[in-house]
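Asker: Join these two chains into a complex; the hints should help.
As given, the protein sequences belong to chains A and B, one line each in that order.
According to my numbering, the residues represented by the first sequence are 1 to 357, in order.
According to my numbering, the residues represented by the second sequence are 1 to 353, in order.
Simulated from the structure, these hints should not be mistaken for lab results.
The structure presented is a predicted model; accordingly, all values stated were derived computationally and were not measured.
Please note: incorrect hints may appear among the correct ones.
Which stretches of chain A does chain B cover? Using the computed rule of at least three CB atoms under 8 Å from a CB of chain B, they are [stated by the list, open to error]:
no., region
1, 102-114
2, 173-181
3, 188-196
4, 282-290
5, 321-330
Even glycine gets a Cβ: it sits at the ideal position worked out from N, Cα and C.
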Amino acid sequence: MSASLTGARPAPRLPVRPATALAAVRVRRRRSTGTRLAAAGAVVVVLFAVNVLLGSYTVTVPDFFRILAGADIPGASFIVLENKLPRAVIGVLIGVAFGIAGSVFQTMLRNPLASPDIIGISYGASASAVTAIVLFGAAGAAVSLSALAGALAVAAAIYLVSRRGGVAGYRLILVGIGFAAVLHALVSFLITRTDLRTASEAVLWLGGSLNSSSWDRATVLALALVVLLPAAAVLSRSLQGLELGDDAAAGLGVRVEASRLGLLSTAVALAAVATAAAGPVASVAFLSGPIARRLLGNRPSLAMAALVGAVIVLAADFAAANLVPGISLPVGVVTGALGAPFLLWLLATANRSGQGG
Amino acid sequence: MAVQASALRPGPAAPDRPRRRSSTPRTLAKLVLTAMVLLAFCLASLTIGARSVGVGTMLDAVTAFDPSNGDHAVVLSRVPRTVIGLLVGAALACAGAALQGVARNPLADPGILGINAGASLAVVVGIHLFGLTGASGYIWCAFAGAGTAAVVVYAVASLGREGATPVKLALAGAALAAGLASLTNAVLVSSQETLDAFRFWQVGTLSGRGWDVIGTVAPFLVVGLALTLATGKVLNSLALGDDVARGLGQNVGLARGVTALGVVILCGAATAAAGPIAFVGLVIPHMVRLVVGADYRWILPFSALLGPVLLLGADILGRVVLPPGEVQVGIMTAVVGAPFFIWLVRRRTMAQL
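So here's chain B without its partners, still in its complex pose (with noise of 0.2 Å):
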């Protein structure tokens, strides 16, 4: 489509071309422009929210920490969710650029491939059944639903004749999404309880959790990043159809499968630490495919970085958009990233997966 689109519309398509074609130094730049960005937002994350300190002050407490200063203790209160959203923003948007490789969809994202089905199915059951609160309640049930439905995907997608072609992934997810989804209604509208907890986890938030969190989500985030970074040449051959890949020396069946391992410890390790967060995955890698092409050498880091401003971003606008509460950045990322990026696709020549 991307042929055709240039072919009946030659004029606004033909000058974008050699822009895109992307030469390293200039990208390079971009991604270290991209990183002061992000460092701007998580120290606009430490300063802003109920009770705003000045810039100054919130150096100081970083620098020197003080502990009867109430500021610097505001700030400090403020380091956990900084990281959390941080971690989480790096893990969703570098699984959502892989999985949109991997299953060569651009609507595959954690939300739609099930992930975050399974784990919403695994928390209500807790709540329901065990009666389980608080986010380092969820903590693990939400993990082992992710693996779990990732895992049936990637198994049922892989069954038949030509194993996991990326069709059959994102139908296989979409449909145990479905499915998962239906279970958990059916939880939901027969206890009030369960949904009165639940509402509140769906959304999505970055407040509330402690370092201890952190301390068992981390590690995994880490090893998912590391692994999904290194993705990016194996993304690239893959995007060229599963036969031009085998063609060149690929082995296609691993290298879906090592992304795929990468995707779920990511998504496992976000939704466990922060609840479903949909719109980020989604939306990211396909606003940086608008600034770099369609190499994912470049996609990942890129998304690395960008996921993270957009949910701290979201964050602090929903701390001071509806005073005195706040409003939770799931819901924010959709109501802030969804106008930009609808402006986005409006305005640019796509770069197609």
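Just chain A, with the same shape it has in the complex (with noise of 0.2 Å):
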């Protein structure tokens, strides 16, 4: 299983003076890893001014920088700062959590499948939800907390459990399914078992949504993310000795398990706070990651995975509020119908001989 997975890299052609055509390949690299990287930055940039000026309301730029300065123009104010800005803003940051957190799942157990959305973590934040939505009436902050409390839980629960003397990879994948299958099972039980008003509720909340954005969400949002994105890149290290495999992390000096629970900690946490802030926003985590690796061509990257799951999640609220007009879609409705389409056409333009994996 392995090394099928991780997908060989292709070896540069050697020409007569290896050293030096090597340092030579690497600047290239660098410099195209950086243009990249600027560029999905750029695009983050400008569907995120699109979404805050555009839209069924539409504000001037001059006027937009006119209410960032205090100025107080009837309705435009009130629409942008209050309603259109922390969206976009909240859009932002799970984006950047989700992208980052399935791209640390995926490369740590080196399985493009294994992201916190199918391996249980997000069941977990799922199944709390919808409990204290069906059977508790809870709406809100209420469920925005279960739902963090869900999520922990069961990431520790799956750790836990998987654990014997140390915890394998494979062993955390097939452990993680297990819950999955229960938790799902759970919400699809509580969703036949209900009114259909509260099952519809219970739907709406599954696919994720940005509709309950406020200044207060995207403030607590911020700060865990102060917290937990350094984290993520000091760790980032040893998550490429991991995805080595563990022999060959712990043979370059890793300490294999201790920094594996790091990056699993840190993932989880980035999950969980975005699934609390908008409901567990379909497919961001694990579409990010496959796709950041193959635009920077097969190299895993977990600065790129966040940019492309900002731009997921932009363009989707964009597209979910827009696309049909007089209905607003929530944006998980949209992020797997935008973001897969995406996915396959580079799959099935993979040319390059390794690229496909």
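Answerer: Encoded structure:
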């Protein structure tokens, strides 16, 4: 399984003087990676601006800056400051969080399918939140809190159960799908056992939505990310080792068990806070990593995954709000429909050896 | 990773090794034992339910049916759901084993590879646009959706220079599943009536299907099972990696294509018959690997026998656990199977893909 899943990188063709040639390749790669990251960042900025300025209520750029500077334009000020801006900010933040969380899981467990939305962690949040909605009639912040608690509890349970001397990645995946199956069954069961109105409320939450965005929520989310993103950046070094397999990582001096626990906790926390803020926005965690990897020529990069995640959420939210006139769909309804064809297209056009994996 | 596990922990892993190397007579004995367990579950499925009948009465009903006897009628009414449980359980487990072999990924199953998502979307569209109702109305929708999704996944994964590699298959499947689920969601959040019909279909159930449904799907299931059970040797060589398989004289592309065809037929027909049941195809092959090792010539037949055991066992429990109602089989499979699966995974050294 392992060798086939990481995908061999294309070996650089070596001319007469290998040392200098390699150095040149490395420099060129670093530069092109930088360019592509900058391009992705620019796309995020453009989409952010599109989300804030355009749509059902259009704001001109000068007006936007005047509002930011404190001018009170009747109507526009409220819509921009209390609705569009926090919504776009939360969109970027959850995109970044889901992108990094998914990419960490996929890289560490060396399986592109092993993102938190497939191996049980998002299901933990969903089951807990749907239980709160269906059995206790919860709404708003109570649902967010129970989602957060559910995700963390299930992640801890998966980790503890798959621990036996040390957590092997393979066992973690299998235990995760076991948990996912039970939690998924629980969600389906609750949805068949409740009245239709509550069921559709639960389905709405399960898709993920930015409708209840507010500055309070954005602040909490931002504070969490201020702690978690630097942690992810620090830990990403050992991630590169773990990607080669536990033995190779240990040989490279990575403390396998400790760094795996650190990475897992960070990724789980990222997925959990994002889910609490907007629901388990479908597929962002799963899609960002593979797309980022292919955009960078088959190299994993947390930064790129974060940007791709933000792009998917922002583009999906804009499409969801404006695609069908008169109907504002929740963002989670569109994320998969938007990200999936792009990944399929990348897969279909991968014509360089090694890119397909 | 198997190598690494035994290298780091030679103590517990080593004694497993000789036992795992399958000797044919012993494995054959296990197969017969499994078949007997399955037979027991079939009989239990005819006996137990909201109105339970005695074992003697059940045997009477099977051997000398008396139309005027009420208990015999109860037994007769449980025959179709038992037959569907048998067929669907075998189909899902075999399809799961073959998919995990083709995609060389422990997470591969009809659910993750987009096949259930295709069926779901087709059924949702059928309900929403054409007002379909009931199992026989959904069946062709589910079939068409599952088939189309599988063909698209395989086609996308086969494009590009290297053909359908395991990673591309897994990614293409999961990506398509994500996209289709989004579209399904879009319909569900905008139409409550569709949600009301769909939420009962999507849990998966064996009840309420008559002989007409069985008659429609049985030919597909039999062909698919025959095709899949024959691919054991092919999957064994694919498990060594594409290059080695090619070196052994295997036509890798053809082998994947034929196996995938069998999987599509099985999943499409099973989902059409009982709705999307996710857990069986994913987990039964892993349980079987713990018993017979990594030889697909054994994994496939064992899966075909153990899949129905899980499905029928879950169905029986679902009939009695929450009286007077029934809990659908798709929910019970996970609730019954997952703890056992997790216990197995924790306990044993894994046979890996």
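Asker: Against which earlier hints does the structure fall short, listed by number upward?
Answerer: As far as the earlier hints go, not one is violated by this structure.
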